[in-house]
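Please model the entire structure based on the sequences and the hints provided.
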Amino acid sequence: MEVSTMQSLELIKDIYNVDQLLSGKSYIQELVHRLAKALNVKYVMVGHAIEPEQKSIQTDFLWAGDGFVPNVVYELADTPCTHVICGTRVNCYNSQVQLAFPKDRMLQDMNIESYIGAPFLHTDGGLIGLLVIMDEHPFKNPAMLSSVVEFFAARIGTEYRRLAAEDSLLRIKESLEQLVQERTAELQQAFASLQQTQKQLISQEKLATIGRITFGIAHELKNPLNIIINASEILQTEDLDPDSFKKAADMIQQHSLRANDIITNMLKQARQESSQQPEWINLSAMLDRSLDMYLRSLTDTELRSRLRKNIAISPGIKACLLDAPGIERVFINIVDNSLYALAAKMHQGENSYTPEINVTLNQESGFCRITVRDNGIGIALKHLPNVCDEFYTTKPAGEGTGLGLWIAKQNVEKNRGSFSITSEEDVFTEVIIELPNPTELEVQA
Amino acid sequence: MMAHEPLNVVVVDDEASVGVLCELRFRKSIQKGDVHFHFFENAQSCLRYLENSERTPGSEVLLTDINMPEVSGYDLLKKVKQKFPGIDVYMMSAYDDDLSIRKSLNLGADGYFTKPVNYKELASRIEKDYGVHLT
Numbered sequence: 108m109e110v111s112t113m114q115s116l117e118l119i120k121d122i123y124n125v126d127q128l129l130s131g132k133s134y135i136q137e138l139v140h141r142l143a144k145a146l147n148v149k150y151v152m153v154g155h156a157i158e159p160e161q162k163s164i165q166t167d168f169l170w171a172g173d174g175f176v177p178n179v180v181y182e183l184a185d186t187p188c189t190h191v192i193c194g195t196r197v198n199c200y201n202s203q204v205q206l207a208f209p210k211d212r213m214l215q216d217m218n219i220e221s222y223i224g225a226p227f228l229h230t231d232g233g234l235i236g237l238l239v240i241m242d243e244h245p246f247k248n249p250a251m252l253s254s255v256v257e258f259f260a261a262r263i264g265t266e267y268r269r270l271a272a273e274d275s276l277l278r279i280k281e282s283l284e285q286l287v288q289e290r291t292a293e294l295q296q297a298f299a300s301l302q303q304t305q306k307q308l309i310s311q312e313k314l315a316t317i318g319r320i321t322f323g324i325a326h327e328l329k330n331p332l333n334i335i336i337n338a339s340e341i342l343q344t345e346d347l348d349p350d351s352f353k354k355a356a357d358m359i360q361q362h363s364l365r366a367n368d369i370i371t372n373m374l375k376q377a378r379q380e381s382s383q384q385p386e387w388i389n390l391s392a393m394l395d396r397s398l399d400m401y402l403r404s405l406t407d408t409e410l411r412s413r414l415r416k417n418i419a420i421s422p423g424i425k426a427c428l429l430d431a432p433g434i435e436r437v438f439i440n441i442v443d444n445s446l447y448a449l450a451a452k453m454h455q456g457e458n459s460y461t462p463e464i465n466v467t468l469n470q471e472s473g474f475c476r477i478t479v480r481d482n483g484i485g486i487a488l489k490h491l492p493n494v495c496d497e498f499y500t501t502k503p504a505g506e507g508t509g510l511g512l513w514i515a516k517q518n519v520e521k522n523r524g525s526f527s528i529t530s531e532e533d534v535f536t537e538v539i540i541e542l543p544n545p546t547e548l549e550v551q552a
Numbered sequence: 038m039m040a041h042e043p044l045n046v047v048v049v050d051d052e053a054s055v056g057v058l059c060e061l062r063f064r065k066s067i068q069k070g071d072v073h074f075h076f077f078e079n080a081q082s083c084l085r086y087l088e089n090s091e092r093t094p095g096s097e098v099l100l101t102d103i104n105m106p107e108v109s110g111y112d113l114l115k116k117v118k119q120k121f122p123g124i125d126v127y128m129m130s131a132y133d134d135d136l137s138i139r140k141s142l143n144l145g146a147d148g149y150f151t152k153p154v155n156y157k158e159l160a161s162r163i164e165k166d167y168g169v170h171l172t
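Residue numbers (the numbering used here), protein chains in the order written: chain D, 108 to 552; chain P, 38 to 172.
Hints should not be assumed to be uniformly reliable.
Computed list of lysine-lysine pairs in DSS-like fashion (alpha-carbon distance at most 30 Å, straight line) [said to hold, decoys possible]:
| hint | chain 1 | residue 1 | chain 2 | residue 2 |
| --- | --- | --- | --- | --- |
| 1 | P | Lys157 | P | Lys116 |
| 2 | D | Lys452 | D | Lys425 |
| 3 | P | Lys157 | D | Lys329 |
| 4 | D | Lys120 | D | Lys132 |
| 5 | P | Lys116 | D | Lys416 |
| 6 | D | Lys329 | D | Lys120 |
| 7 | D | Lys149 | D | Lys210 |
| 8 | D | Lys416 | P | Lys140 |
| 9 | D | Lys280 | D | Lys247 |
| 10 | D | Lys247 | P | Lys69 |
| 11 | D | Lys452 | P | Lys118 |
| 12 | D | Lys210 | P | Lys157 |
| 13 | P | Lys118 | P | Lys157 |
| 14 | D | Lys306 | D | Lys521 |
| 15 | D | Lys162 | D | Lys120 |
| 16 | P | Lys157 | D | Lys354 |
| 17 | D | Lys354 | P | Lys115 |
| 18 | P | Lys120 | D | Lys354 |
| 19 | D | Lys452 | P | Lys140 |
| 20 | D | Lys452 | P | Lys69 |
| 21 | D | Lys329 | P | Lys116 |
| 22 | D | Lys452 | P | Lys116 |
| 23 | P | Lys69 | D | Lys353 |
| 24 | P | Lys115 | D | Lys416 |
| 25 | P | Lys118 | D | Lys329 |
| 26 | P | Lys118 | D | Lys354 |
| 27 | D | Lys120 | D | Lys144 |
| 28 | D | Lys306 | D | Lys329 |
| 29 | P | Lys65 | D | Lys353 |
Label-pair distances were calculated between CB atoms; the ranges are [unchecked claim]:
| hint | chain 1 | residue 1 | chain 2 | residue 2 | range |
| --- | --- | --- | --- | --- | --- |
| 30 | P | Asp134 | D | Glu532 | 38 to 44 Å |
| 31 | P | Lys157 | D | Gln302 | 53 to 59 Å |
| 32 | D | Ala487 | P | Lys157 | 24 to 30 Å |
| 33 | P | Ile138 | D | His454 | 18 to 24 Å |
Simulated from the structure, these hints should not be mistaken for laboratory data.
All C-beta atoms in this analysis are idealised placements derived from N, C-alpha and C, irrespective of residue type, glycine included.
Listed below in structure tokens is the structure:
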């Protein structure tokens with residue numbers, strides 16, 4: 108190996124012995140410092156070409172004499188640097204560089220005698236910047252200097268590329284973070300609006316059944332009104348015999364009370380609020396009343412006249428409920444579903460078919476059991492596991508919200524009860540609701 | 038029609054009070070013998086009565102409710118029109134929707150009164166159709 112090569116390698120090793128924990132700008136700065144010291148030159152400069160024209164250089168590290176000085180920007184035209192960036196290798200002027208570039212004022216002002224520069228490039232070959240070493244004396248060992256400058260230009264180029272990569276990663280990260288934030292905000296908004304919609308749907312579903320019943324009840328009210336209106340007209344006729352007078356007056360009394368009962372029950376049903384305190388209620392009476400009201404409100408006359416009702420509600424069963432109106436709605440909803448299934452099957456037109464509904468309420472030990480069973484169209488096996496899911500419906504669009512059974516199940520569970528459905532398609536559906544009702548003595552204990 | 042032939046008024050409603058009401062409404066004509074009044078709480082007993090009594094065509098009117106358990110007013114209307122075509126049938130119902138009215142007319146009903154029934158209108162309709170005087 109030649110002496111100069113050996114020397115350059117030693118020199119490179121020496122300069123390169125930088126604290127390896129340094130990185131980026133501080134690493135390059137340290138290299139520049141070491142280059143100036145080891146090579147014993149006055150100026151060491153690292154700069155990058157200003158995009159996009161690359162007609163001038165912005166220095167990033169500028170060593171002059173004893174230390175770093177403020178960075179400068181200079182035009183490339185008529186400077187030895189132009190030759191550096193035009194080629195891809197080292198460009199060296201051992202001495203009298205000012206003679207080669209007479210228009211370069213900076214060389215004159217700084218009293219430069221010798222110049223060596225090497226470019227560093229992007230991986231695709233495009234220029235990033237350059238490393239330049241200048242001195243006020245001629246270079247003594249240009250060959251060695253060339254190796255050293257070429258090596259360190261490459262090393263500094265790597266650092267520049269790494270910095271650029273880090274920078275672009277950072278920008279990507281920032282823009283990703285912003286994107287994530289924006290998306291999160293959008294999702295949160297969408298979620299909030301979904302929650303709102305769900306609330307509305309649940310409240311609509313609660314009202315839907317009540318709405319249907321109200322329609323039926325409104326008609327139901329016309330029957331007592333028919334009698335009240337006409338009986339009071341009779342009362343107004345002259346020469347009414349005492350017997351007829353009493354009959355008419357009695358009817359008015361009787362049917363006003365009946366109309367009042369109907370309205371009271373309807374209002375109880377429509378009540379949406381629930382108490383948060385458990386209260387003991389007479390479940391038998393509540394089911395009797397709501398079933399009676401519901402069946403009265405049936406508007407399908409064919410179903411109403413063909414329906415066979417088997418009602419076995421044991422009297423006097425009490426339950427301790429958190430939300431009695433909720434449970435009443437559940438019950439009506441289940442009965443409403445049964446009637447829907449019965450009507451659907453009846454209207455399939457089989458003459459021998461008798462629509463039948465069985466409703467029972469029984470006291471078991473520690474809990475009571477409500478069953479509602481019908482011999483309607485039933486539920487297909489594939490739908491059965493999902494019928495209590497939110498928004499699950501087999502009804503045509505606009506006819507069901509798919510929330511009825513979901514709400515029912517939630518309501519029963521809120522009251523610490525259990526809710527189950529068994530069914531066979533085209534044969535039957537049976538809903539069993541069990542509600543805890545320990546005896547009042549047990550509760551007190 | 039002979040002016041002195043009594044009109045046979047048959048009312049069917051699952052509510053007994055409707056019978057009492059009609060009877061009160063027509064009490065003077067009933068007392069005078071211008072109207073023969075019959076009330077039934079269900080369609081079956083009405084049909085049994087019609088099968089077991091003599092018909093007086095042209096002076097018989099049947100007023101029926103629609104919404105009744107077991108046999109509805111529609112079914113009664115259908116059967117009466119089949120077996121006793123001489124009897125005019127008027128519906129009296131709380132239903133006031135087109136569907137119920139059209140269904141009744143298709144089954145052959147001669148009139149449709151919605152509840153609350155305007156008895157003055159009902160009476161004048163009967164007076165016009167049958168030439169009886171209802172006071």
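Next on the checklist: Between the alpha carbons of D:Lys416 and P:Lys140, is the straight-line distance 30 Å or under?
Outcome noted: Holds: D:Lys416 and P:Lys140 sit about 26 Å apart, inside 30 Å.
Item to check | Proposed proximity, D:Lys521 with D:Lys306 (alpha carbon, max 30 Å) | outcome: Holds: D:Lys306 and D:Lys521 sit about 17 Å apart, inside 30 Å.
Checklist entry - Is it true that the CA of D:Lys210 sits at most 30 Å from the CA of P:Lys157? => result Distance of about 123 Å is beyond 30 Å: violated.
Checklist entry - Hey, P:Lys116 versus D:Lys416, does the alpha-carbon distance stay inside 30 Å? => result Since the Cα atoms of P:Lys116 and D:Lys416 sit roughly 25 Å apart, the hinted pair holds (cutoff 30 Å).
Checklist entry - Straight-line Cα separation of D:Lys306 and D:Lys329 no greater than 30 Å? => result 34 Å, violated
Item to check | Satisfaction of hint between D:Lys354 and P:Lys118, Cα-Cα up to 30 Å | outcome: Judged against 30 Å, a Cα distance of about 34 Å means the pair is violated.
Checklist entry - Holds or violated: P:Lys120 with D:Lys354, Cα cutoff 30 Å? => result Violated - the C-alpha atoms of D:Lys354 and P:Lys120 are around 35 Å apart, more than 30 Å.
Item to check | Outcome of range test on Cβ distance (D:Ala487, P:Lys157; 24 to 30 Å) | outcome: At roughly 55 Å between Cβ atoms, P:Lys157 and D:Ala487 fall outside 24 to 30 Å, so the hint is violated.
Next on the checklist: With the threshold set at 30 Å, check whether the alpha-carbon distance from D:Lys120 to D:Lys132 stays at or below it.
Outcome noted: The given pair, whose Cα atoms are some 20 Å apart, holds under the 30 Å limit.
Next on the checklist: Please check whether P:Lys157 and D:Gln302 have a Cβ separation lying inside 53 to 59 Å.
Outcome noted: 57 Å, holds
Item to check | Restraint status (C-alpha distance of D:Lys120 to D:Lys144 at most 30 Å) | outcome: The given pair, whose Cα atoms are some 14 Å apart, holds under the 30 Å limit.
Next on the checklist: Holds or violated: P:Lys118 and D:Lys329, Cα atoms, limit 30 Å.
Outcome noted: 27 Å, holds
Hints 2, 6, 9, 10, 12, 15, 17, 18, 20, 26, 28, 30, 32, counting from the list given before, are not met by this structure.
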